[in-house]
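> In case you want the letters, here they are:
There are 4 protein chains.
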Amino acid sequence: MRNIRIEKALQRPVEQDELEVVERKGLGHPDSISDGIGESVSRALSKAYKEEVGHVLHHNTDEIQITAGESDPKFGGGQIIKPIQILLTGRAATEFKLPNGKSQKIGVDSIAIKAAKEYLRDTIINLDVDYGTVVECKIGQGSADLTDVFDRETTVPSSNDTSFGVGFAPFTQTEKLVLETEHLLNSKDFKKKYPMVGEDIKVMGLRENDQVTLTVAMAFVSKYVNDRDEYLNLKDEFKNIIADNAPNYTDMGVDVLINTADDESVKDESGYYLTVTGTSAEMGDDGSVGRGNRSNGLITPNRPMSMEATSGKNPINHVGKIYNLLSNQITQEIAQDVEGVRNVEMIILSQIGKPIDQPRTATARIQTQEGYKIEDVEQDVSRIIDKWLENITDIQDFLLEEKIRTF
Amino acid sequence: MRNIRIEKALQRPVEQDELEVVERKGLGHPDSISDGIGESVSRALSKAYKEEVGHVLHHNTDEIQITAGESDPKFGGGQIIKPIQILLTGRAATEFKLPNGKSQKIGVDSIAIKAAKEYLRDTIINLDVDYGTVVECKIGQGSADLTDVFDRETTVPSSNDTSFGVGFAPFTQTEKLVLETEHLLNSKDFKKKYPMVGEDIKVMGLRENDQVTLTVAMAFVSKYVNDRDEYLNLKDEFKNIIADNAPNYTDMGVDVLINTADDESVKDESGYYLTVTGTSAEMGDDGSVGRGNRSNGLITPNRPMSMEATSGKNPINHVGKIYNLLSNQITQEIAQDVEGVRNVEMIILSQIGKPIDQPRTATARIQTQEGYKIEDVEQDVSRIIDKWLENITDIQDFLLEEKIRTF
Amino acid sequence: MRNIRIEKALQRPVEQDELEVVERKGLGHPDSISDGIGESVSRALSKAYKEEVGHVLHHNTDEIQITAGESDPKFGGGQIIKPIQILLTGRAATEFKLPNGKSQKIGVDSIAIKAAKEYLRDTIINLDVDYGTVVECKIGQGSADLTDVFDRETTVPSSNDTSFGVGFAPFTQTEKLVLETEHLLNSKDFKKKYPMVGEDIKVMGLRENDQVTLTVAMAFVSKYVNDRDEYLNLKDEFKNIIADNAPNYTDMGVDVLINTADDESVKDESGYYLTVTGTSAEMGDDGSVGRGNRSNGLITPNRPMSMEATSGKNPINHVGKIYNLLSNQITQEIAQDVEGVRNVEMIILSQIGKPIDQPRTATARIQTQEGYKIEDVEQDVSRIIDKWLENITDIQDFLLEEKIRTF
Amino acid sequence: MRNIRIEKALQRPVEQDELEVVERKGLGHPDSISDGIGESVSRALSKAYKEEVGHVLHHNTDEIQITAGESDPKFGGGQIIKPIQILLTGRAATEFKLPNGKSQKIGVDSIAIKAAKEYLRDTIINLDVDYGTVVECKIGQGSADLTDVFDRETTVPSSNDTSFGVGFAPFTQTEKLVLETEHLLNSKDFKKKYPMVGEDIKVMGLRENDQVTLTVAMAFVSKYVNDRDEYLNLKDEFKNIIADNAPNYTDMGVDVLINTADDESVKDESGYYLTVTGTSAEMGDDGSVGRGNRSNGLITPNRPMSMEATSGKNPINHVGKIYNLLSNQITQEIAQDVEGVRNVEMIILSQIGKPIDQPRTATARIQTQEGYKIEDVEQDVSRIIDKWLENITDIQDFLLEEKIRTF
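Protein chains in written order, with my numbering: chain S, 385 to 791; chain A, 385 to 791; chain W, 385 to 791; chain P, 385 to 791.
Calculated from the structure, these hints are not laboratory results.
Please note that a few of the clues may not be correct.
Stated by the list, open to error - Covered stretches of chain A, as calculated for chain P (at least 3 residues, CB under 8 Å):
| id | stretch |
| --- | --- |
| 1 | 439-452 |
| 2 | 461-468 |
| 3 | 481-494 |
Glycine included, C-beta positions come from ideal geometry on N, C-alpha and C.
Input sequences plus hints: build the corresponding full structure.
Below is the structure:
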C-alpha cells in the first residue's frame, strides 16, 4: 500500500486572487539555455550508458554555468567580441566494471561537450557555436556509493535523498497565455517569417482582476534589422500578433508591452534590445540551471513551487527531478480525466534509501467544481496517483524520448 | 500615491494544512556557500565603490558556481585530493570616469577574490582556503547603459527589470523549528563544544498534522571523530540535543533523524557522512547561487516563493533582490505590530525604468485573527508598506552592515 | 651606415665533428601544434587589424599551452575520453581609436579561437576539433605604450626589446635528412597512401662519424590499423621507405629505428604507439610554444641557437622573432649565392627603441671553402646583409603570406 | 663499459670570438617563475611520494603557463586589478597500489597548488599570493606504462625517451658577470637595503672584443618609490653598484645600462618600469617553463644548448632533465680538477628503454691549455665521466635537497 492522501483544499482558486503573476523565461534566456544544456547532457549520457553498459549509470549534470560573452551588435550587422563561456559541472560515472573484471571507459567529457554544442546549435540558430562559445567540462567522477545503487539490477531504484516534488493543474488562463505567447514567438513558423526574433524571450504576465498585462522582452538579431525605423515597426507588428493570439487562451483583456527598456529617442543601436546571436548571454547576462522556469515551464508565485533544479539530474533515482515531473503528469491527468475536479495540487515526499515508488507521502489537495464533493473524486484521484507511482520508471523513458519538458 | 493594495486572504492558515514541508540548507551547504560568496562579493564591491567613487556602481555577482573537489576522509584524519573550484562570474563596473575626464580603475577581480576567500575562511572553519580551494574570477565589465543609472545623482534609483518579490510572516512553528535547529548546530557555542560538526547541515521538516519529523543531514569533520563508535555515539547525542531544543519553538511532537543514508553495518568510513572540511563541496556536491534557501532563510513549498536569487545582486536597483528583502521586512513588521493580523503575504511588482519606490503594485494578502476584519487592520498595514517604500534605500544600508540575511 | 661585421670562423665545420645530433618535432608534436597555433593566431590578428585599421596593431600570442586530454585507442577504433585543452594567452590590442575619436572594437578572442581551430582542422586531420578539443582564450589587452609604437605611421618600427636572433646555412646532410624525413612522412601524398600515419612524428638524427641513426617516433591512427600484425608490417614498410629516401640527402650510411618504445611481445594495443587522432596530445603529452624546433625547423645543439619563441610574436617590432627569421634568410642567401662560402652563422642584436633596420650589430661568421679567403667574400656578404636589413619589413609580408616557416 | 668518448675541440675559445652574447632571466622573470614553480611542484611531489610510497612515482610538471594579470602601479602605491593566472599542467601518478591490493590516493592537486604558492611566497616577496594570483591545477594522471617503470625496484631506472643533454665549463668572464650581476641584485642583503628592487631582473651581456655592455631591465616596486626623482636617483645608484661589482668577475671594461625603455621626459609613472609586485607578470608578460635560462642559469648562443626544459621534469628517468644536469656537474668538475683543461663541452645521448647510466654516448670535447695535449687529460676526464654516470642517481638527491639549480 502506498502512502497516498487526498485533501480538500480550502483556498479560493487562483483565478479569484485579485493579483496573479506568471513568468516564463524563453528558450534563449541564459537560465533556460543552462537548463536545456544540463538536460541534454544528462540525456546523452543516459543513452551512452545504455548502449555501453545496458542501463543508465549514476550522473547529475544539473550544474551548468554560463558566463556571458561580449558582443558589438550593429543595425544590419555586428560581431562577437568574446565568446560565451559555458562550464559543465556535476558528476558522472566514467568507468564501469565489466563482468570479466575489466573496466570499460566512458568518454563522459566528450559526450557532454558534444551534447551541449548540439543543443546550442539546434536551439540558438544565430549563434555560431564553434567560434561564439567555449564549452569547458569539469564533470567529476560519481561517488562509489551512489554508483552502486545503479549497478544493482533492481526493478525500482531507491531515493537518493530526502526531497520532494510538487505539481498542479490545470493552468489558469494567465498561465496558459504566458506559456503560449513564448511558444508562438519561438515557433519554427514564426522564426521562418521573422528571422530577426532571437530565442531570448521573457514573458511576464500580470493579471489584475480580469485585465492582463503581458510584458515581453525579446532580443532582436541585429543583422536582420537594418535600422531604428525597421526595429520600431517590427515591435508594433509583434505587439499586434501577440495581442491577436491572446483570445485563444483567455477571454480577459490583454495589454502587450515589448522591450520596455528601449529608449526610442536614441538613433543608433545603443537604445534598443539588439543582439548578434539572439540571446543576451552574448553580452551581459549569465545563466545557470534551476534559476528559471520550474519543471512545468513557468514561474508562478501564486502556486506551490519546488526549488529543485529538474534539468540535468539523473532520471533514475533523483527524486528532486522525478517527483516534480511525476507531480506534473499526475495532476494533469487528474484535472483532465476526473470529473468534478477544478484544481489539484500535489506534493510527493521521498524517504532516502526507500524505493522511489514508495514515497513517504503523495498528497493531492483538491478543489472541486461546484456541485462536487471531495468524496466524489477521491477514488479516481487515488487510482491515478497509484498508477503513476506503479509505473514511475516511465518517467525515465519519457525523458530519453524527449516527451516531457523539464523547464 | 503609491500602488498599495490590501486583500483579504481566503485560504486557511498553513498551520491547518495536513501536510507542511519546510527545508533549510545550512551555511556549509554548497548552494548556501555560493549564496554567501555572491553576497560577500557584492558587499565588498559596494564598499570599494563607495570609498573610491562615493556611491555604489553597477554590479551583479549572483552567479557563483562551485565545482566539487575530491577528498579522502578517514576516521581521525583524511586529506584533500583535489581542491574545490569556485568560479565567480557576473559583471561589475571596472572603471569610473572622474570629473576631470580621467578614468579611475577599480580592482574588481582582486576585490572579489579577496571577499570570497575571506567569507570562506570565516564560514567553513576546517577548510584550508589556500590549498583546498581554487577561486577563479570571470566577472565581466558592466554594460554602459546600466552603469549610467548609477552614475546619476538620483535620490531613488530606477528598476533594472520587470520583476517581483514576495514575502510572508509570521513563520509557522515548523518553519521556526527548522530554521532554529540549523542555527543551533551552526552556532559558535555549539561548534566550540562539538568541533566535529561541519557547517554543511541540511534540515528538512515534515509536519503531518501535529507531528513533525526533522531529518537532519550533517557532515562530520573526520579528524575529530576517531572511529565508528564515536560517530554513532555523537549521532545519538545530537539527536537528543535537537529534540530537547524543539520545545522552544513548537508544542508539537518532534521526531529527529540524523544522516539517514548511513550504513551502520559498515566498519570503516565508507558507511558514514564524513568529510575533511565539514562541507560536501569537498567531494561530490556542486553548488550555485539561488538554488537553495529563499531570502528568508527557508524553502517553503506551502508558501509563495520567488525564483530570484537574492544573494549577490546589486542592492541599488535590482528589484529581484530589493523587493524580496523588502517584502520580508514589511511582512515581519506587520505581523509583529498590527493587532489582528494572523498571517500576511506580500508581492511587490516593479515597472522597469520607474523609481523603485514606485512599484507597479505592492499587494498584501491578510489573514486576520478571529474577531478581526480586514478593515480593522487595513490602515496600519498600508502605512507600514508606504513607510518601507518611502525608505527603500535603507535596504542597501542594512545589506552593507550585514543586518539582514539574503539566504 | 649599418653595424655590419664579418668575421672569419675558426671552428672546424660541423660535418667534421665526430658526433652530431639533430632533432625535428613534426607538425603534430604537441610543442609544434602550440607553435602552429600561436603563429596562426598572430597571422589572423594581423590580417584583421590590417582590414579594420589599415595596419597591424600590437600583439604577441606566443604563449599557447596545450594540456593533454585522455583517450582510449583500440586497434580498428578507439575513442576520445577527455578533450585536449588549449589555452591561448598573450595580449593584443582590442580597441583602436578612430580619427573621429570613436573606438573601434576588434573581436580578438573570437578571431583567435577561430584561427586556432582552423589551424587544428587543417593540420591534425583525424582530430575532431569540435568535440576533441576545448580552446579557451585569455588573451589580455596590449599595454598602451607598446600600442603607440604601432599607431604611428613609421616606415621602420622600433625594437621592442634588447634581444637577438641567430641563423646559419647551409644545412649539413644530417640536418637535411632529419628535416626531409619528417616532411616526407607528413606530406599529403604520403598521408593519402598511408592514412594511419598521424602527424605527431619526431625524428632524431645521430651522426657518429659517417654513420647516421634516424630514430623516428610516429603516432599511428588506431582506426586505420586493425591489429598488431598490420602495425608491425607497416613499421617495416615505413622503415624501408625512410631508408630509401635517405640517399636523396646524404651519401652516408643510415640506420632507421621506428617507435623504439614498442613492446612487440604484447598482443593488444598497450604495447604500441597507437592514438585516436594522430597526436600524443590526446593523452599524456602537453605542449607549449617555443619548446620545440627553432625557427629553421630544427633543434641543433652543435649550432648556435636562440631561446626566443619565434611563433606567435608580432611580426612588426618583436626582434626576438624578426631577427631570427632574418638571420635564416640572410644566411641562406649567402650560402647559396656567394662563391667561396662554406658555412655562415649570423647573430643580429637589437637596441631597444631604435629602428629595427639599425641593429646594434649584425655579425656574420664565415667559413670559407678551400682556396677562398675571407676577403674574397666579405663584400658580397656585407651587401646581402645590408639589403635584407634595408627591406626588413618584407619579413612581415612573408609571414602573412605564409612564405616562411617559424618552427 | 660505458660509451665514453673524448674529442679534441678545434674551435677557438669563446673568449676569442669578437662578439659574445649572454643573457640571464632573473628569479622574478615570468619564464623563471614558471621554471621555479615547475621544479617546486616536482620536488614536492617527489617528497610526498617518498613519504607515502617509499619511492618517487612517475610525474612531469614541466608545463606551467603564467597568464599575466593587470595592475595599476603608482609612485608610492598602486594596486592589483586582476590577479596573475597560473596554470599547472603535466601529469603525475595519483594512485598507488599497495601490496595488499588496496589503492593509496595521493593528493596531487593539493600538493602541487601548495608547492606553487609557497614558492611564490618565498620568491616574489611583494606579491600577495592569496589575492594577487589564481593557481589552477590540471595535472593529469600518469600513463600506466610509464608508472610501471617506477614501481619496479630497480637500482638504475631506464631512459624515458631518446634525448640528450649538454653542458660546458668553465664560464667565460662575460657569463660569470651576467650571472653574478643578477645574483647580486636578487640577494637577500641587497633586497633588505633596496626593497624597491623587484625580483624581475633581466641581464643581457654583450661582449664586443674586450668591452662588455650590461643591459639590465629591473622592475621597481611602486610603493617603495615616491616619485620620478627618487626613481632616477636610484637608477644612478644601481648603475654604480653594478659597475663596481663587475671587477670581481672580469678585467674588461663594463658599461651598464638600466631600464633603457624608460622615457625620462614623462613626469608620471607611465614612463618608467614600475610594478606593484616586482614582476612584470602582474601586467603584460606571460611566462612558461623552458623558455628562459638553460639549466646552468644562462642563455648562451655562442655555446651548445639543449632545448629541453629541465625544470619540473621527474628526476628519476627523464633524461632530458638528468643528462643536462649531469653534463653541468661533469664539466664543472673536469674544468676545476683536471690540469690542462681550458674548456670542456659535453653531450650525453640516451637510448630509450636502456638504463640511464648506460647512455648511447657521453662525449666530451676538450680544449686544452697551452702546453697540454688531449692525451694528457683523457684519462682523468674519462674517469670523472664514468664516476658521475656510476652515481647518476645522486642527481635525484641533489634536486630534492635543492643543491643544484635547474634554471
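> All the hints need checking, so say for each whether the structure fits it.
Now the hints, each set against the structure:
no. : hint    : in the structure
1   : 439-452 : violated (count 0)
2   : 461-468 : holds (count 5)
3   : 481-494 : holds (count 6)
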